[in-house]
Every structure is written in C-alpha cells, then in structure tokens.
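Q: Following full-length UniProt numbering, the numbering of the sequence shown begins with 1 at its first residue and continues without gaps.
These are computed hints drawn from the structure, not numbers from a lab.
There's no promise every hint is true.
[Stated by the list, open to error] Okay, the calculated beta carbon distance ranges per label pair:
#, residue 1, residue 2, range
1, F230, E53, 34 to 44 Å
2, W111, A174, 43 to 53 Å
3, V225, E34, 44 to 54 Å
4, R149, T26, 44 to 54 Å
5, E159, M234, 37 to 47 Å
Every value quoted in this text rests on a predicted model; they were computed, and no experiment measured them.
The beta carbon of each residue, even a glycine, is placed where N, CA and C say it ideally should be.
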Amino acid sequence: MAEISSTGRTREYRVEELAEAAGITTRTLRFYRERKLLQPPRKEGRIAWYGEEHLARLRMIGELLERGHTLGGITELIGAGERGRDVADLIGLRNEITANWSDETPVRMSWEEVLAAFGNQLTPENTAESIAQGYITVEDDGITHISRRLMDATVALIEEGVPLAAVLAASRTAQDHADAVAQAFTDLARDHLFGDLAHADAISPERAAALTERIRRVRPLARAVADAQFALAMDRRVKSAYEGLAQGN
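Using the sequences provided together with the hints, build the complete structure.
A: If you want it as structure tokens, here you go:
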C-alpha cells in the first residue's frame with residue numbers, strides 16, 4: 001500500500017531518499033534510470049520527485065536480480081509489462097522453462113577420500129576426462145562431483161573390478177546418447193507444444209500462465225519416456241549379448 005504523507009498526498013522521494021528506501025546507492029538508481037528500468041520522475045523545477053511506484057519497481061528489480069535474472073532480461077520483462085502484459089506471468093513462464101530438470105546432490109571429497117576410493121586409478125588422464133565430461137571440479141583440497149548418485153555408482157563399479165577408464169568411456173557414450181534423447185524431446189516440445197515461445201511479444205498473460213502449467217505437466221512425461229526407453233533398450237541389448245555368448249560369438 002502506498003504511504004500517505006501528513007498532507008494526504010502519496011509519499012514522494014528525492015533521489016537520495018528513494019535510494020535509501022530501496023537499499024541501493026544513488027549511483028545505482030541513476031544507472032537504472034539510464035537503462036530505462038525506472039519510470040521518469042515528476043519534475044518540479046530542477047527537483048525530481050519519485051513516488052511509491054518507483055520504489056516498488058526498484059524492489060522488483062532487486063528481487064529479480066536475486067533470482068539470477070540479468071539486467072537485459074529484466075529490461076525486456078519490464079518493457080513487456082509496460083506494453084500491457086503481466087510481468088509476473090512472464091517471469092513465472094521463464095522460470096519454469098529454465099528450471100533445472102535434475103535433482104542431483106553434489107558431493108565434496110577431500111584428496112584423502114578420493115585416493116581411498118580410486119587408489120592408483122586416480123591418474124592424470126582419468127582426472128582430465130572427468131573434468132572434460134563436466135563431472136568434477138578440482139580445488140586445492142579436493143574435488144566436488146556434480147552427482148552423489150553418479151559418484152556412488154562409479155565407486156561401486158570400480159569395487160566390482162571395472163577400471164575407472166572403462167567407466168569413464170561408457171559414461172562418455174551414455175552422455176552423448178542422453179544428449180541426443182534430450183534434443184529429440186526438446187525438438188518435439190518446440191515443434192508441437194511450445195511454438196508460441198517463438199513469438200514471445202505476442203504471448204498474453206493468460207497464455208503465459210497456460211504454457212507454464214503445460215511445462216509442469218510435460219516435464220514428468222519426458223522423464224517417464226526416457227526411463228522406459230532405456231529399460232526397453234537394456235532388455236534388447238542384454239538378450240542379444242547373452243545369445244551371442246551362448247552361440248560362442
């Protein structure tokens with residue numbers, strides 16, 4: 001609710017007062033004005049007066065920055081809102097599109113733990129391949145792996161006697177095929193479900209909300225398809241490999 005002064009008028013701020021109320025510097029405020037992120041103030045002679053709508057805009061900008069939006073993206077969203085579209089709906093749609101699909105938990109390991117897990121298989125070549133595949137980042141005192149599940153599976157395979165180099169080679173192949181599956185489903189969604197996104201300027205708030213809900217419904221379908229296809233492929237491959245062994249091939 002807008003603050004009302006003792007005179008009965010909506011509260012107005014000078015530059016310094018607005019910046020203080022928004023928790024930013026006057027330099028940042030002026031930068032936002034130059035980027036057209038902030039509405040023009042009311043001028044009274046040489047004095048610029050800002051109102052509650054300016055303070056609300058600054059708070060919204062701060063919230064969007066905290067969510068990871070860039071200033072360029074915020075400018076686009078605000079411009080859309082000023083053309084009569086609801087910024088909240090567009091933000092919700094964008095957040096849903098870019099939300100992470102994976103729920104993997106990273107795992108931090110000291111060098112002592114890494115050596116205990118991999119022993120003499122912790123070679124420069126294997127380390128470089130793990131980094132190249134995007135699985136680990138290396139720090140002075142250890143590593144961080146992007147997925148506890150993948151790390152646990154790797155360690156378990158090594159304990160079963162599979163060399164780390166072979167695990168990484170299989171992982172590289174699996175990653176390539178997983179990227180291809182993800183691309184196939186992305187293409188399907190783009191061509192048959194979310195074509196409106198190619199014309200973002202024309203999406204109404206109602207359509208943005210509908211697309212957001214559709215994305216939420218489709219996400220689990222994509223994972224279900226990928227899981228089922230992998231299981232069926234394993235059925236085919238294992239049976240084929242077993243028959244080949246039985247025949248001495």
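Q: Against each hint, give a clear statement of whether it holds in the structure.
A: Now the hints, each set against the structure:
no. : hint                    : result
1   : F230 - E53: 34 to 44 Å  : violated (53 Å)
2   : W111 - A174: 43 to 53 Å : violated (27 Å)
3   : V225 - E34: 44 to 54 Å  : holds (48 Å)
4   : R149 - T26: 44 to 54 Å  : holds (49 Å)
5   : E159 - M234: 37 to 47 Å : violated (22 Å)
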